[in-house]
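Listed below, chain by chain, are the residues.
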Amino acid sequence: MTTTLPAYDEVVARFEPVIGLETHVELGTNTKMFCGCPTDFGGEPNTRVCPVCLGLPGSLPVANKAAIEAIIRIGLALNCSIAEWCRFARKNYFYPDMPKNFQISQYDEPICVDGYLDVEVGGETVRIEIERVHLEEDTGKTLHVGGATGRIHGATESLVDYNRAGIPLVEIVTKPITGTGALAPEVAKAYVAELRDVIRTLGVSDVRMEEGSLRCDVNTSLNLPGAEWGTRTETKNVNSLRSVERAVRSEMLRQASVLDVGGRITQETRHFHEDTGDTTPGRSKETATDYRYFPEPDLVPIAPDPAWVAELKAALPELPRVHRRRLQEQWGLSDLDMQSVLNAGAVELIEATVAAGTTPAAARKWWLGELSRRANESGVELAEIGATPAQVAELQGLVDAGKLNDKMARTVLEGVVDGEGSPTEIMTSRGLEVVSDTGALTAAVDEAIAANPAIADKIRSGKVAAVGALVGAVMKTTRGQADAKTLRELILQRLGVQG
Amino acid sequence: MSEMTGMSDFTRMTATEIASLVAGGETSAVEVTQAHLDRIAAVDDRVHAFLHVDTEGALAAARAVDERRAAGEVLGPLAGVPVAVKDVLATRGVPTTVGSKILEGWRPPYDATIVQRLREAGTVMLGKTNMDEFAMGSSTEYSAYGPTHNPWDLSRIPGGSGGGSAAALAAYEAPLAIGSDTGGSIRQPGAVTGTVGAKPTYGGTSRYGLVAFSSSLDTPGPCARNVLDAALLHQVIGGHDPMDSTSIPQPVPDVVAAARLGATGDLTGVRLGIVSEFVGEGAEPGVMAAFRESVDALTKMGADVVEVSCPTFAYALPAYYLIAPSECSSNLARFDGVRFGLRVGDDGNRSLEEVMSLTREAGFGPEVKRRIMIGTYALSSGYYDAYYGQAQKVRTLITRDFNAAFERVDALISPTTPSVAFPMGARTADPYQMYLADLYTIPTNLYGGPGISVPCGLSEGLPVGLQVMAPTMADDRMYRVAAALESAVGTFTPPAL
Numbered sequence: 001m002t003t004t005l006p007a008y009d010e011v012v013a014r015f016e017p018v019i020g021l022e023t024h025v026e027l028g029t030n031t032k033m034f035c036g037c038p039t040d041f042g043g044e045p046n047t048r049v050c051p052v053c054l055g056l057p058g059s060l061p062v063a064n065k066a067a068i069e070a071i072i073r074i075g076l077a078l079n080c081s082i083a084e085w086c087r088f089a090r091k092n093y094f095y096p097d098m099p100k101n102f103q104i105s106q107y108d109e110p111i112c113v114d115g116y117l118d119v120e121v122g123g124e125t126v127r128i129e130i131e132r133v134h135l136e137e138d139t140g141k142t143l144h145v146g147g148a149t150g151r152i153h154g155a156t157e158s159l160v161d162y163n164r165a166g167i168p169l170v171e172i173v174t175k176p177i178t179g180t181g182a183l184a185p186e187v188a189k190a191y192v193a194e195l196r197d198v199i200r201t202l203g204v205s206d207v208r209m210e211e212g213s214l215r216c217d218v219n220t221s222l223n224l225p226g227a228e229w230g231t232r233t234e235t236k237n238v239n240s241l242r243s244v245e246r247a248v249r250s251e252m253l254r255q256a257s258v259l260d261v262g263g264r265i266t267q268e269t270r271h272f273h274e275d276t277g278d279t280t281p282g283r284s285k286e287t288a289t290d291y292r293y294f295p296e297p298d299l300v301p302i303a304p305d306p307a308w309v310a311e312l313k314a315a316l317p318e319l320p321r322v323h324r325r326r327l328q329e330q331w332g333l334s335d336l337d338m339q340s341v342l343n344a345g346a347v348e349l350i351e352a353t354v355a356a357g358t359t360p361a362a363a364r365k366w367w368l369g370e371l372s373r374r375a376n377e378s379g380v381e382l383a384e385i386g387a388t389p390a391q392v393a394e395l396q397g398l399v400d401a402g403k404l405n406d407k408m409a410r411t412v413l414e415g416v417v418d419g420e421g422s423p424t425e426i427m428t429s430r431g432l433e434v435v436s437d438t439g440a441l442t443a444a445v446d447e448a449i450a451a452n453p454a455i456a457d458k459i460r461s462g463k464v465a466a467v468g469a470l471v472g473a474v475m476k477t478t479r480g481q482a483d484a485k486t487l488r489e490l491i492l493q494r495l496g497v498q499g
Numbered sequence: 001m002s003e004m005t006g007m008s009d010f011t012r013m014t015a016t017e018i019a020s021l022v023a024g025g026e027t028s029a030v031e032v033t034q035a036h037l038d039r040i041a042a043v044d045d046r047v048h049a050f051l052h053v054d055t056e057g058a059l060a061a062a063r064a065v066d067e068r069r070a071a072g073e074v075l076g077p078l079a080g081v082p083v084a085v086k087d088v089l090a091t092r093g094v095p096t097t098v099g100s101k102i103l104e105g106w107r108p109p110y111d112a113t114i115v116q117r118l119r120e121a122g123t124v125m126l127g128k129t130n131m132d133e134f135a136m137g138s139s140t141e142y143s144a145y146g147p148t149h150n151p152w153d154l155s156r157i158p159g160g161s162g163g164g165s166a167a168a169l170a171a172y173e174a175p176l177a178i179g180s181d182t183g184g185s186i187r188q189p190g191a192v193t194g195t196v197g198a199k200p201t202y203g204g205t206s207r208y209g210l211v212a213f214s215s216s217l218d219t220p221g222p223c224a225r226n227v228l229d230a231a232l233l234h235q236v237i238g239g240h241d242p243m244d245s246t247s248i249p250q251p252v253p254d255v256v257a258a259a260r261l262g263a264t265g266d267l268t269g270v271r272l273g274i275v276s277e278f279v280g281e282g283a284e285p286g287v288m289a290a291f292r293e294s295v296d297a298l299t300k301m302g303a304d305v306v307e308v309s310c311p312t313f314a315y316a317l318p319a320y321y322l323i324a325p326s327e328c329s330s331n332l333a334r335f336d337g338v339r340f341g342l343r344v345g346d347d348g349n350r351s352l353e354e355v356m357s358l359t360r361e362a363g364f365g366p367e368v369k370r371r372i373m374i375g376t377y378a379l380s381s382g383y384y385d386a387y388y389g390q391a392q393k394v395r396t397l398i399t400r401d402f403n404a405a406f407e408r409v410d411a412l413i414s415p416t417t418p419s420v421a422f423p424m425g426a427r428t429a430d431p432y433q434m435y436l437a438d439l440y441t442i443p444t445n446l447y448g449g450p451g452i453s454v455p456c457g458l459s460e461g462l463p464v465g466l467q468v469m470a471p472t473m474a475d476d477r478m479y480r481v482a483a484a485l486e487s488a489v490g491t492f493t494p495p496a497l
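Protein chains in written order, with the working numbering: chain A, 1 to 499; chain B, 1 to 497.
Worth flagging that the hints you see were computed from the coordinates, not collected in a lab.
Quick reminder that beta carbons are idealized off the backbone N, C-alpha and C, glycines included.
Hints should not be assumed to be uniformly reliable.
[Unchecked claim] Pairs of lysine to any residue residues, derived as SDA-like cross-links and limited to a Cα-Cα distance of at most 20 Å, are as follows: (1) A:LYS91 / B:THR376; (2) A:LYS91 / B:GLU353; (3) B:LYS369 / A:PHE94; (4) A:LYS65 / B:ILE248; (5) A:LYS175 / A:PHE94; (6) A:LYS65 / B:PRO249; (7) A:LYS141 / B:GLU353; (8) A:LYS65 / B:THR246; (9) B:LYS393 / A:THR280; (10) A:LYS91 / B:GLN392; (11) A:LYS91 / B:TYR377; (12) A:LYS91 / B:TYR384.
[As the list claims (entries may be wrong)] To give an idea of the chain B side of the interface with chain A (calculated C-beta under 7 Å), a few residues: (13) ALA90; (14) VAL94; (15) VAL211; (16) SER215; (17) SER216; (18) ASP244; (19) SER245; (20) SER330; (21) LEU342; (22) LEU379; (23) SER380; (24) SER381; (25) TYR432; (26) LEU436.
[As the list claims (entries may be wrong)] Not close to chain B: a few residues of chain A, all C-beta gaps over 10 Å, as computed: (27) ASP118; (28) SER240; (29) ASP298; (30) GLN339; (31) SER378.
Construct all of the structure, not just a fragment, from the sequences and the given hints.
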């Protein structure tokens, strides 16, 4: 079906979007949620399993205290109330990657409720209200083999790997987010980014979207101004920050195109496709399974001691928003400059580079300049560019020591990004170093003057601008390893001309 | 067939006697084990108490005990004593079917905590005993592998679901057995086979490795031919298990000392309450007669016996038949043919969903299917509050009745079951009649406290049991009362097989 999509500006002029996000975060505990199996990513299939996470008859779950501590810290960081008493519940449905054919989750008694997270979008603060944060176990993974696509269609066999089954999973659900208008896609992205930063700061998960340790489902609906909320769709498989933004935008456009011709939005799950940037329908929610939730009788209720919760709250680290404000002040940046640092995802990188001994200005220059350009070109996140804050600090140290000039430093940085080694190693291996020995430089200058008598005469006669030709000649013989400014002064001095 | 009844017949001894002979070097665990294996070989084709006899494993375990004794190790109080284990408990490498076709051939890769404790205690596991499929039933007729016969009268049921364990004791195939009690599955078979069956406090014995029927009710416990043996077994298997979240982190009450105290026949100062609701017209006259005589005996030993009304107990059966099926509908979902057990229809052309359906269709028997359907319905959106939610409220009220009663008395007593062993086939066509067999035992499960059935007499030649119910974690009280009654009425021996 090909439909001409309306322009985004038109859509937001006519409709009001309501969005909502459900985010799953795999906790980085050492062991699984209800057994002692390790949680490391990867591993040969079905090697990190035991009777409990395989759901063998007779096995019983025992809740992981570290996971409960982690979710309480997440809840506190998201300004939630922590339940004094709550229970796990069974969510019943048949699926082969779910060993017991029910998932231990939480239903009407989540451990954290009613919080919020403030995010910055376009210089404005948007408060995202959090409905609930609850704890559950992850499922295994089904692999379909024998087909061309890796999907179930056309596959000859389906294999299940239960290594992931039972890894603790935190689900964070927002309340419906209204009133964001044209900014809805950006708000969605900013929320997930902020949430990721908060959780990373807490150190409870590595929150890597590409490895699935942070997964996001996006709910979207459109309504006419003043009208009731529209029917929502839930978009799954949104695996990067950029995709969060694109998924909301794409779904807004699609829904508008349906509503514009008098159509009706089906309440359904849709799948986002990274390649095309659009969504396609999954299973319909209108025929949704009845999960027959009931309190998990194999586990005792969770009743965290209020004194313990208070301790955890007092021990929370400085959260990203507060932290950023402090950095902005320390670095002396305007709101606009800080925003560009944030947009580039460079806060932590600059902070670490400064911590390694570089001035904030120099650190910012490298990360937002050369390195951001390279990251954009290769389509990777800045943090994954291949240069570390320590290496950038080392590079700047070489510049400050007068060993590299700006142009050489950029060449060295390219080598760093390409994985050739540390800045010092690359400087040596590529033979790049500012010639600071004035004796050798003077000899090179004298040689250039002797070889270019006509130019030398021009300069002597007052045409100082001609010095550039001699600078170029010396640079050529020294293979660029001279500081241009020093060189210019030296040439004029040897010719007895005032600069 | 001639029967050995002399002093050298280990199968007629109590567990205490056997352990003492083994510890003293007067016999070997191997000899004792072989005697029981021989007895099984001689009678079990008629009784069918066992689903699997682990001859090699039993003899190896017995040899290990003999070696430890020879090496001068001090053995535990039940070392060298054979034990039969209900097929509901996972036994490493030994088939575990739960009486169901759906687990036929499954050999668990792990031991249930109780099985591990039995091994550590030096008991010798003879094999796995028959049961109603997934412990759902009161006659063992719902076993997918054929019924067990009551040694008192082979044409009658041995009770259920743990009819195999109870029959193994009554047929002298084992001196000790393990059962599990969700609504009476230890106590009711104990009553109708003239043996002792104790349901410990919920959480007092570990459920880890017990194939779940109803998680909030299932309680594994000891079965024996006398109260002291049951207490000794209780002591060995009981106590906190970190693998079971619902396990109580407290030591086992001293049930052995309580049984010894009770055996002195003195109940002075003990207050007993007869549950008014359970001595009405529901029980058979013969059962009531034996019960009344036992009450007289208890009174003579010094007990202060009164009647206590527990009006909400009338709602226990319907509440149970919502809670247990609800939990079972979820617990039994894992039997889908994907990871273990039976798989039907996997011919390369059928979808996974079809294979799951065909497997469950073929693997579960009618009673299991009935309860899965009832439970699925009761938990459904829109019905939850009216059924499961309401049943949980009833459960709370029943607990209140127990708590109120235990403010007045130390323990409650009643007949264990309204009737003696009924003829095989008499109730299979009428599930409700079958369910009534557990009428007196179910309230204890809903409350979570301990209950024990002890033989108290005969009615028309068939055993009658008396039930003692105590407050949670006061298991010792019921052993004291049961042992006192046993000292007064004696034990009961079935006719020779």
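Satisfaction of hint between THR246 of chain B and LYS65 of chain A, Cα-Cα up to 20 Å:
16 Å, holds
Holds or violated: is the Cβ of SER380 of chain B closer than 7 Å to a Cβ in chain A?
6 Å, holds
Take a quick look at whether LYS369 of chain B and PHE94 of chain A sit within 20 Å of each other, Cα to Cα.
16 Å, holds
Minimum Cβ distance from SER215 of chain B to chain A below 7 Å?
Status holds, d = 4 Å.
Given the proposed pairing of LYS91 of chain A with TYR377 of chain B, does the C-alpha separation stay at or below 20 Å?
Measuring from Cα to Cα gives roughly 15 Å; hence the hint holds.
Given a cut of 7 Å on the nearest C-beta pair, is the interface hint for SER381 of chain B held or broken against chain A?
5 Å, holds
Hey, LYS393 of chain B versus THR280 of chain A, does the alpha-carbon distance stay inside 20 Å?
The hint is violated at about 46 Å.
Would you check the hint for LYS65 of chain A and PRO249 of chain B, treating anything up to 20 Å between C-alpha atoms as holding?
17 Å, holds
Decide, holds or violated, for the assertion that all CB atoms of chain B are farther than 10 Å from the CB of GLN339 of chain A.
Holds: least Cβ distance 47 Å, greater than 10 Å.
Are the Cα atoms of LYS91 of chain A and TYR384 of chain B separated by 20 Å or less?
14 Å, holds
Tell me if the straight-line CA distance from LYS91 of chain A to THR376 of chain B falls inside 20 Å.
The hint holds at about 12 Å.
Verify the interface restraint on SER216 of chain B: the C-beta must sit less than 7 Å from at least one C-beta of chain A.
4 Å, holds
Comparing the model with each numbered hint stated earlier shows that hints 5, 9, 14, 21, 25, 26 and 29 do not hold.
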